[in-house]
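**Student:** Chains as they are written, first to last, in the numbering used here: chain X, 0 to 463; chain F, 0 to 463.
Since the hints were made in silico from the structure, they are not lab data.
Mixed in with the good hints, there may be bad ones.
Heads up, the list lumps identical chains together, so a pair's fine if it works in one copy or across two of them.
When the alpha-carbon atoms are kept at most 30 Å apart in a straight line, the in silico BS3-like pairs for lysine-lysine are as follows [claimed, not checked]:
#1 K88 / K44
#2 K348 / K188
#3 K88 / K272
#4 K243 / K88
#5 K272 / K188
#6 K44 / K188
#7 K438 / K243
#8 K243 / K135
#9 K44 / K153
#10 K44 / K135
#11 K188 / K88
#12 K188 / K438
There are 2 protein chains.
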Amino acid sequence: MISSLLLGLLVPSVSALAQDDVTSQPTPAKRTVIDLSNYQSIAAKLIQAATTTDFAHQRLAELCDTFGPRFSGTTNLEAAIDWVLTRMKADGLENVHGEDVMVPHWVRGEESAEILEPTRSTLPMLGLGGSVATPKEGITAPALVVRSFDELQKRATEARGKIVLFNAPFVSYGQSVAYRARGASQAAKAGAVASLIRSVTPFGLQTPHTGMMNYETNVTRIPHAAITIEDAERLQRWQERGQKVVLRLNMSAQSLPDAPSRNVVAEIVGREKPDEIVVVSGHLDSWDISPGAIDDVGGVVSAWEAARLMHILGLRPRRTVRVVLWTNEENGLRGARSYAERHRQELAKHLLAIESDRGTFHPTGFSFQGNDRANAIVGQLASLLDGMHADKIVPGGGGADVEQLAPAGVPVMELTVEDANYFWFHHTTADTPDKVNPKDLGQCAAAMAVMAYGIADLPEILPR
Amino acid sequence: MISSLLLGLLVPSVSALAQDDVTSQPTPAKRTVIDLSNYQSIAAKLIQAATTTDFAHQRLAELCDTFGPRFSGTTNLEAAIDWVLTRMKADGLENVHGEDVMVPHWVRGEESAEILEPTRSTLPMLGLGGSVATPKEGITAPALVVRSFDELQKRATEARGKIVLFNAPFVSYGQSVAYRARGASQAAKAGAVASLIRSVTPFGLQTPHTGMMNYETNVTRIPHAAITIEDAERLQRWQERGQKVVLRLNMSAQSLPDAPSRNVVAEIVGREKPDEIVVVSGHLDSWDISPGAIDDVGGVVSAWEAARLMHILGLRPRRTVRVVLWTNEENGLRGARSYAERHRQELAKHLLAIESDRGTFHPTGFSFQGNDRANAIVGQLASLLDGMHADKIVPGGGGADVEQLAPAGVPVMELTVEDANYFWFHHTTADTPDKVNPKDLGQCAAAMAVMAYGIADLPEILPR
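Chain X extracted, bound-state conformation:
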């Protein structure tokens, strides 16, 4: 998952903000506007099928183990896409195909960071996506540690020629990610030669977190990387004791020409109105250092399972349920943007686009923002999930991908989960299958299936 902050919008995304509000928002009233009786037994079947097997988790683990990190521009990602296409056909899904997209191709290369003074030691680190390299011999410079942009502003005269470390404690992802997204240009404006951030997480075990960053136009591009909480605090303490801290940073990152990739598309074709579409989705790409089990193979498998379970159970809704597995969510959103462009003519008939990209934990419901009637419909369908406590509808947008369809008027929605610890794992090497509880994953798939089926099968279309 990324924030739209990283895409140059420079405001927290609706989804990032909504995430913080999940627990405090009231559930919209579930006024009776639709006849649920048709859906109760269908929902029960989908939930039963999704939650009495660990098939989804086995698929998630196999995908993670076989292909590992699946970063945009890599053969790993394309091999994983091929594998998914083959498996989807074997599953019996319809219209299974890839849709070509050109994606950015940033390559990390060799990288390292080191403390030279006051005590020589290696710093676990990860360059940030989009960063430029250091010169071949690296950058050796004293460090200036600041807690915030405000502090940098106040100490701007000290920053020249330094490696600036933003040691900003985690407040929320939406707030703290600003240092990852914008830190390099802010530091460069003060004359810094490189910039570091404290990894964007409330907790770590010497765990660096990568993620996307941007450069402002007309500002010198300096290398930008993340170090761990532990080391950021150590550098802070040295500075507070008046000890000089000297660092060396080596990065060989480069941005190569755009590379071909694909969105994966598969369908359960609607029995009455096949050209009216409900999208269920997740993103197949991950960061280059992570298998991305939680972010977002869990979302991929949940969306995929939603359709596979309908097929297995012989459930064909009135309209088409379309699984879309986005490429390049992490560092460009090119997959979603390309889809919006390619399917422009169809978007008026996209009733709803659902994404799962808040991590794979116990589902709690969905975030959705619609008019009263749409909210009531969605709330009623969600009530079919109350047995597993996933019936809560909170105001908010969709995931970063489906948000790309919102400007064309497509209602968007995101699966919400108990994500209190999500950022412990986010964009790290520790985002692995063991972190995903098979029961939670089954319930995520069930929630996606029930909501998608309901919206696709209602007599009326979801009001906009």
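For chain X, the structure is supplied; the task is to place chain F on it using the hints.
**Tutor:** Frame of chain X; chain F shown alone:
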């Protein structure tokens, strides 16, 4: 902290077992046997002085930051000992000196592990203390993953020529550490060429944990290392899918000749019976990859603060309070054993030896095993700590160091803490000052100070 399992006793130590029982044991009755009125205001002063400053945490952080890992046999450890001796003298403590001890000197050297099949990738790993090296070219062999010694027994015919991985889920430290301590010899008996363990922790973020291991006599010595939970589970899944897993292990560890080190000793000399002694202690050495903030600089600083605060407050108890900072707790206990030998004649006049080595978290009280009257005295003194909820006495022994004095009849005691997450950090690079809450550390110091002062000042000696 280590378990006596690792010292060839091959039974869980009293302290390891007691740790699991901390919450379930009743507090011994606090019968009135001593007149507490003399101690209430003294305890209040010590608590006040310990908990209204972050001096202890600053000292802990400075020690960790300045010297980093302090492994037996290293110049880091000896430089830290010199620094502590200097600071203790400056603090005004009495009879400050080092006591020479020869300690084992195991050196990790370069090391790495790699998956060659089915998918090439690096495995974060840590060799285990005392392990032999691989040949220079490393060991390349298929893996056999087992969940337990029992499973290895059942699959013994498959182990020949393999690298055996013990993927034993964490149950308790006492139980799970058996694979670290004894895994190599068990694997070697089945013909394995090297052995790995899943790190001994209930949770990790791709975090390997080191620690001590032993070889049985007359069994081939094979290299023994720890990998992460994430990778242990990945190897397990590949094996369960019938995929061949091939690993390469490179280790250059060696055991060098014993090296000189020192226990640190400092005193508040008793005003009436200076030859009667209460020991307060922690261990200054750490693993070679960790600054050991929790294990055990927190214990070191708590013991040190106990004496420093008495000095500052002008509190000189009837008997001597002796701070002992042990060397070589982690891989040999030579410090404690040497002390027991050197001070043999004095041990009959050691009233009590207290250690803090269960991690540095909020203190809950002490573990202690004595006769009814001794329990009642200790319980009454602990009641002086009820304001900070550190008044619980649970049955159990002391830390691994003070346990070395128990055979000579010295009553031993250990500070107990809220250690639910202790093993997340134990013997890792993430055992750093940021993990220690300054308030908790102040309270640990206060608890050590109040108990030590009380026992040292009572009109009667603690009954044995």
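**Student:** Next, verify each hint and record whether it holds.
**Tutor:** Cross-check of the supplied hints:
Taking identical chains as interchangeable, the C-alpha atoms of K88 and K44 lie at most 30 Å apart only when both belong to the same chain, with a minimum of 23 Å there against 75 Å between chains. Taking identical chains as interchangeable, the C-alpha atoms of K348 and K188 are never at most 30 Å apart, the minima being 47 Å within one chain and 68 Å between chains. For a Cα distance limit of 30 Å, the shortest separation of K88 from K272 inside one copy, 22 Å, qualifies, whereas the shortest one across copies, 86 Å, does not. In this assembly of identical chains, the alpha carbons of K243 and K88 lie at most 30 Å apart only when taken from different copies (27 Å versus 61 Å within one copy).
In the homo-oligomer, the alpha carbons of K272 and K188 never lie at most 30 Å apart, since the shortest distance is 56 Å inside one protomer and 68 Å across protomers. In this homomeric assembly, K44 and K188 never come within 30 Å of each other (Cα to Cα): the closest approach is 59 Å inside a single copy and 52 Å across copies. For the homomeric pair K438 and K243, the shortest alpha-carbon distance between copies (28 Å) is at most 30 Å, but the shortest distance inside one copy (51 Å) is not. Proximity of K243 and K135 under a CA criterion of 30 Å is satisfied intra-copy only: 25 Å inside one chain copy versus 40 Å between copies.
For the homomeric pair K44 and K153, neither the shortest alpha-carbon distance inside one copy (61 Å) nor that between copies (41 Å) is at most 30 Å. Taking the shortest alpha-carbon separations for K44 and K135, neither the intra-copy value of 60 Å nor the inter-copy value of 59 Å comes in at or below 30 Å. Taking the closest pair of Cα atoms, K188 and K88 never come within 30 Å of each other, the shortest separation being 53 Å inside a single copy and 49 Å across copies. Taking identical chains as interchangeable, the C-alpha atoms of K188 and K438 are never at most 30 Å apart, the minima being 49 Å within one chain and 39 Å between chains.
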